[in-house]
Amino acid sequence: MLARRMFDLPGMGWKNAFAEMERMRREMDRLSYALFSGPQSRPISSGVFPALNITEDKDNYYVRAELPGMKADEINLQVEARNLGISGERKIHSEGENVKYHRREREAGKFARVIELPGEIDADNVDAHMVNGVLSLTIHKSEAAKPKQIIIKTV
Amino acid sequence: MAESKELQIKEKQEVASPGEHTRPGLVFTPAVDIFETDREIMLLADIPGVARDDVTIDLRDGILTITGDVKPWEGPDESDVLVEFEIGRYYRQFSLSKVIDQDKIEANLQDGVLRLVLPKAEKAMPKKIAVKAA
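Taken in order, these protein sequences are the chains called G and D.
Basically the working numbering = 1-based index in the first sequence + 8.
Basically the working numbering = 1-based index in the second sequence + 1.
Some hints here could point you the wrong way.
Once the Cα atoms are required to be at most 30 Å apart in a straight line, the calculated DSS-like pairs of lysine-lysine come out as [said to hold, decoys possible]: (1) K124(D) - K108(G); (2) K99(G) - K124(D); (3) K105(D) - K108(G); (4) K11(D) - K108(G); (5) K105(D) - K66(G); (6) K105(D) - K99(G); (7) K118(G) - K13(D).
Output of the computed footprint for chain G on chain D, the stretches with three or more beta carbons under 8 Å from beta carbons of chain G [claimed, not checked]: (8) 45–58; (9) 74–80.
No lab work stands behind these hints, which were simulated from the structure alone.
Every residue gets a Cβ at the ideal spot worked out from N, C-alpha and C, and that includes glycine.
With the sequences and hints as input, model every part of the structure.
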């Protein structure tokens with residue numbers, strides 16, 4: 009009977025305590041699932057526009073950025089030593105006097121970003137294309153930066 | 002004139018319910034501007050990386066579905082140095098009221114921006130009623 013009296017209070021009994029922990033664990037699981045779900049974990053972002061994907065093979069670096077609505081001459085590209093600078097302004101022209109907006113999700117504004125590439129590059133040999141709103145750069149690595157095979161001689 | 006503000010980076014929004022899509026790969030929700038004039042409703046969607054042939058605009062039962070396929074642009078020999086965004090298809094659905102004249106919808110894709118013009122049906126346009134003197 010004493011035991012029964014103790015467990016009368018909500019949240020104080022043994023069974024209830026574990027239920028509380030269980031509920032908290034489920035909440036944490038749901039929270040972490042919401043943060044990290046998806047086929048891969050969230051990509052790291054430096055927080056500066058535009059988001060860049062940089063890849064390399066043995067001869068070149070490839071840099072890609074998504075810049076919808078921009079034309080090739082609105083983007084300013086600069087290469088200096090190992091730094092690549094991308095800047096410009098995205099303008100969204102107003103559509104007229106008498107328009108009512110239902111959704112307004114696209115953003116306009118200036119952007120400027122400089123990124124340092126991991127190896128020496130040949131600044132005279134940079135190829136840039138703008139197709140369907142995606143900027144693709146092919147940057148040749150300088151000869152010194154290309155990987156070289158060293159042959160081991162046996163005596 | 003005020004100086005234009007700086008663009009902030011935005012994570013690409015993945016579609017909330019991945020279970021509905023049977024093809025593998027990521028699916029994103031494109032940013033969209035929708036506005037209305039007297040004669041039409043315009044929809045502008047940012048879908049970079051989608052070519053003209055890879056956009057599907059489907060309209061049935063009053064539901065407008067926009068799908069854009071993106072061809073992977075990386076060669077097989079490339080290794081990653083920095084990956085800040087993922088590549089995937091674009092998908093978004095809207096329900097259209099019956100005031101749209103569905104036969105006259107126009108679509109235009111340029112620089113990764115899709116522009117859809119949805120003309121309003123005749124009876125939905127505001128009409129000025131002239132008040133005649135008695």
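**Request:** With a cut-off of 30 Å on the C-alpha distance, tell me whether K105(D) and K99(G) pass.
**Result:** 28 Å, holds
Exercise. Does K124(D) lie within 30 Å of K99(G) when you go C-alpha to C-alpha?
Worked result: 35 Å, violated
Exercise. Between K124(D) and K108(G), does the CA-CA distance stay at or below 30 Å?
Worked result: Roughly 19 Å separates the two Cα atoms, so the pair holds.
Verify the proposed pairing of K105(D) with K108(G), using a straight-line Cα cut of 30 Å. 21 Å, holds
message = Can you tell me if the region 74–80 of chain D counts as covered by chain G, using C-beta to C-beta distances under 8 Å and a minimum of three residues?
response = With 6 residues close enough to chain G, the hint holds.
Original post:
Are three or more residues of the region 45–58 of chain D within 8 Å, CB to CB, of chain G?
Top reply: holds (count 7)
Problem - Pair hint outcome, K11(D) versus K108(G) [Cα-Cα no greater than 30 Å] - result: Distance ~25 Å between K11(D) and K108(G) Cα, so the pair holds.
Does K66(G) lie within 30 Å of K105(D) when you go C-alpha to C-alpha?
-> 52 Å, violated
Would the pair K118(G) and K13(D) pass a check requiring their Cα atoms to be no farther apart than 30 Å? 19 Å, holds
The structure fails hints 2 and 5 (numbered hints given earlier, in ascending order).
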